[in-house]
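A.B. asks: Each chain, written out:
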Amino acid sequence: MAVTTRRKRASRTRIDWFLVVLRFTALAVIGAGLLAFVAQQIDPANPFARWANPDATGLTGAQFQGLVVAGLSQGAMYGLIALGYSMVYGVLGFINFAHGEVFMVGAMTGMIASNKLADAGAWESNFIGSLTIIVLVAIAASTATAVVMERVAYRPLRGSPYLVALITSIGVSFFLQNVSVVLLGPAAKAYPALPEWLTAKRTPLEIEGTRILVIVVAGVSMAVLWFLVERTRMGRSMRAVAEDKEIAALMGINVDRTIVTTFAVGGAMAGVAGILWGILFRSVIHTTGFLPGIKAFSAAVVGGIGNMGGAMAGGVTLGTAEAVGPLTILEPLGVVGVSQLRDAVAFAVLILVLLIRPSGLFGERLSTEERA
Amino acid sequence: MTAVTDPTARAAGADNPGLGARPVGDQPWRRISGMVAIGALAQMFIALSGMPVGLDDRTIIEPVLSLGYLGLVWLPLLMGYRAGCEPVLEGMPVHAKGRREVVAGALVGIGAGASISILVLLLHNFDLRDPLVNWGPQLAEVLGFGRSPGFAVIIWIAIGAGGGAAAGSLHLVPSPIRRAVIAMAATVIGAAVIERVVTDLAGGLGLGTAADRLYAPRGGLSWPGAVALAAVSGIAAGSGRGRISRTRTRIQTLEGTTRTVTNAALVVAAGLVAVVLPLLVGKITNELLANVGMFVLLALGLNIVVGLAGILDLGYVAFYAVGGYTVAVLTASASPGIAPELPWLAALVGVVVMAVLTGLFIGAPVIRMRGDYLAIVTLGFGEIIRLLFLSDWLSGWFGGAQGITNIPGVQVFGLATVKGTDPRAVLYLVMVFCALAVYVSWRLERSRLGRAWMAIREDESVAEVMGVNTVNAKLLAFVVGAVLGSFSGAIFAAKVGSIFPSSFLILISIIILVVVIFGGMGNVVGVIAGAVVLVGVLGGPRQPGLLQELSEYKLLVYGALLVWMMIQRPEGLVPNVGRNRELHPDEFRQDAWLRGRASCGEHDKGANAADDSEARRR
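Chains as they are written, first to last, in my numbering: chain A, 126 to 497; chain B, 6 to 623.
It is worth saying that the hints were derived from the structure and are not from the lab. Only a predicted model underlies this, so the values are computations on that prediction, with no experimental measurement involved. Cβ atoms here follow ideal geometry from the backbone N, Cα and C, with glycine treated the same way. One or more hints might be untrue.
What the hints assert, rightly or not - One side of the interface only, derived from the structure: several residues of chain B facing chain A at Cβ under 10 Å:
no., residue
1, Ile199
2, Glu200
3, Gly315
4, Arg373
5, Asn411
6, Gly414
7, Leu449
8, Met471
9, Val473
10, Val476
11, Lys559
12, Leu566
What the hints assert, rightly or not - Just the calculated beta-carbon pair ranges, DEER-fashion:
no., chain 1, residue 1, chain 2, residue 2, range
13, B, Gln548, A, Val345, 47 to 53 Å
14, B, Phe50, A, Arg407, 45 to 51 Å
15, B, Gly213, A, Pro311, 36 to 42 Å
16, A, Asp244, B, Gln548, 47 to 53 Å
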């Protein structure tokens, strides 16, 4: 609300000037970092490359390519999680903070299922079959979590102020994390080792097979989701409810059921993302959902909340920025221990996006009431 | 405070039946089966979480009830009671309660009991220890009472059915008896929970023998003690109907100087208790109270931001961290960057300056954002600040993961040194700051600024149109909250004597939020009560509470409590009147008769208010 009215105001207050300065400082830092990086790439010995960080060496082509591919595959995962945030925000107008935990549930059940399959020997002998099974198990668990969550925690709050729903979702998130702690223990748990043929780097681009697998799985899920939302009756009612609940109800759409479906579809996508996490990092713990959840929410905002294509694009953008950004912007500026600050960078990206373009790169798609 | 139009609907209930009781078979089967499913799932989860085993050592009543078993029997009781409650539409006839409610309670209770029975059978026949860490012979023994599984199956179903039916039959008895029963249960459990404080205090007052009678030597209430307590509380609750609230109303409606004098007397009495209490209790209780006090301070600060101004700040821990680190850098000799080694009181000036700057720096960018974006961004700031303290990049000033150690205590004008080794002194120090925070909150709430905050909370656009400078008011809320929170951090640094980034997890923000919401957003008394009850009983993120055995599960309880409070009672324990109106908008609408009303909730809740986009616009 305030964001849109600001432009109309004739004079700027002190806070507006502060925000302007903040935006330009941020952009200047990014610009300086990038310039220094480019200078390093051209010639590590030139003075412009060395003014902030004399030890900087720049990146080799292979390193850079590795970072981009890692960023793309992680970004695809963020995109899948972001869909859940975006869809629920589109329909109910609140941030389902616990969506990161739905993702964690998927990763956890995937871990349990894959370890059981590995014990039975199926993981090695029939990896694709096992992968299908664990994806289905994770989808089932995450969908069930999302649906129960909606039914127990959010439905009684339909129509209450957004703050109430948001705080409840924080509680749900906290609760689910600790459910995992008391049921499965607080230690980090590992996925079984992936087969050799998958982890090996493939010519001609020297990309790990796992990365390709992750991108493929994410792409397939996205295609299925697109079909569901754009080409089926269910998807049409989802879009109608997102546009205007009351009119949708008058048109004979069961609003409650559609909202449950939205949660279920978002949950299913988070379940797939959970498995992708397992494949990429092979380790899962009860707090696994927190950071990816925040990053995926940032991705949803970057892409324009409520906008599904935007969520996926935002995820890829954010994932790549997160992988490439620290080494191309902070390292040339002389920040030491850049990898420690990766998460701080992710938060900073969120803050910058909300400061500079809160409606996202591809525009929000919200119903009139939620835009208020 | 309800907009009830039809007086008969309000009075209807066990005391004043409208229509006759319905037959036993006429159950709302969909609802009952839903409750059976939820009860069974929840009961199985409680059992699998390991609570029965972990909490079995803590005795409530010697030798019949331990906390572990209490964790398993409360659910059938509560669900059994809730099964008999049904939403009543105003203007519709209300049926009398009868055997139907008892049967409903028993059915739900059996569901919960049966899930434990199934679990007992599973435990004896399968080994699922691989994913479920609590699966094992210990759990089987506790759930099976150390006997054969067949015996346990029958007992658990009997407990479920009996408990559920008993809870359901509470609908049938007149309300004084119902109140007395609930009071008895609450008093006995409460007395068992606060055992350590009571014995400590009784020792200080020279009443040690009385406490020995009340409590068994190995912990927990003794049989005669429990019976006596139950009798006293039952009689008090049964006879003292509404006496407390009448007294409160009388005090609140006093006029002029009498009111002032009464208020002053109450404040002086509270002050006296605060001064005398630490002298009477021992070190452990003082330590506990000091921890509670630090959370009271944090919660009072967050209350200004969330409760008064309606800004959901999830990164509140940032200010706690800034307070702690400023004191550490300014006072500790081992501070890696600059080490001026100032005395604590001088460093406090630095704390205020830093808190104001951080408050402005975090507040300014977020102040124009939508409320929910603001929440996530403040959460981000909270994490960024912790990650910066942790990073190697700034470890030259803040010591990175090693933190800053050897922080001296507080020198009070050369008279005394307040350090963590002397919890009584820390408690006094904390209480001074709490008193300051209470005074600030109280004065601000009634000031022009406080009214501006509340106007913003209710509706920001309207507040702006009415001439409130919303940006300045919101920034000030951030800054005031930041200063109060940083005081708590400053005390924390002096108390613990060393400071690490891991003391400032985002978890703390969430716990403070639960405390504020549990107590009642926007209400100083409520927030203090919330902190005392929650932090005192469950403990803080690192600090143990009275139920030490619960420490593994306390975060789970905090999460569950937050959800439950938001659904059942978003106004908190001690509601703030204006805030209450905002949280239950549907009750103030013209068409209030469409609103569903639970027939037996203490609170009125729009249970099945239809999708209400009107309220969403807030």
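A.B. asks: Work down the list of hints and note, for each, if the structure agrees.
C.D. replies: Here's how the hints hold up against the structure:
Restraint check, B:Ile199 versus chain A: the minimum CB separation of about 25 Å is more than 10 Å; hint violated. With 10 Å as the threshold, the beta carbon of B:Glu200 stays out of range of chain A, its nearest partner Cβ sitting at about 25 Å, so the hint is violated. Using the Cβ-Cβ criterion of 10 Å, the hint placing B:Gly315 at the interface with chain A is satisfied: the shortest such distance is roughly 7 Å. Interface restraint check: B:Arg373 against chain A, minimum CB-CB distance 5 Å, threshold 10 Å, status holds.
The closest approach between the C-beta of B:Asn411 and any C-beta of chain A is roughly 25 Å, which is over the 10 Å cut-off, so the hint fails. For B:Gly414, the interface hint is violated, since its Cβ never comes within 10 Å of a Cβ in chain A; the closest pair sits about 32 Å apart. Hint status for B:Leu449 relative to chain A: violated, with the closest Cβ pair at about 21 Å, above 10 Å. This hint is violated: B:Met471 has a C-beta 16 Å from the nearest C-beta of chain A, more than the 10 Å allowed.
Because the closest C-beta pair between B:Val473 and chain A is about 13 Å apart, greater than 10 Å, the hint is violated. Given the 10 Å rule on beta carbons, the hint for B:Val476 holds: about 5 Å separates it from the nearest Cβ of chain A. Interface restraint check: B:Lys559 against chain A, minimum CB-CB distance 9 Å, threshold 10 Å, status holds. Given the 10 Å rule on beta carbons, the hint for B:Leu566 holds: about 8 Å separates it from the nearest Cβ of chain A.
Our hint of 47 to 53 Å for B:Gln548 and A:Val345 holds, since their Cβ atoms are close to 49 Å apart. Restraint check, B:Phe50 to A:Arg407: a C-beta distance of roughly 28 Å breaks the suggested window 45 to 51 Å. Between B:Gly213 and A:Pro311 the C-beta distance comes to about 40 Å, which sits within the given range of 36 to 42 Å. A beta carbon spacing of about 41 Å between A:Asp244 and B:Gln548 contradicts the range 47 to 53 Å that was offered as a hint.
Violation of the numbered hints given earlier is confined to hints 1, 2, 5, 6, 7, 8, 9, 14 and 16; the remaining hints are satisfied by the structure.
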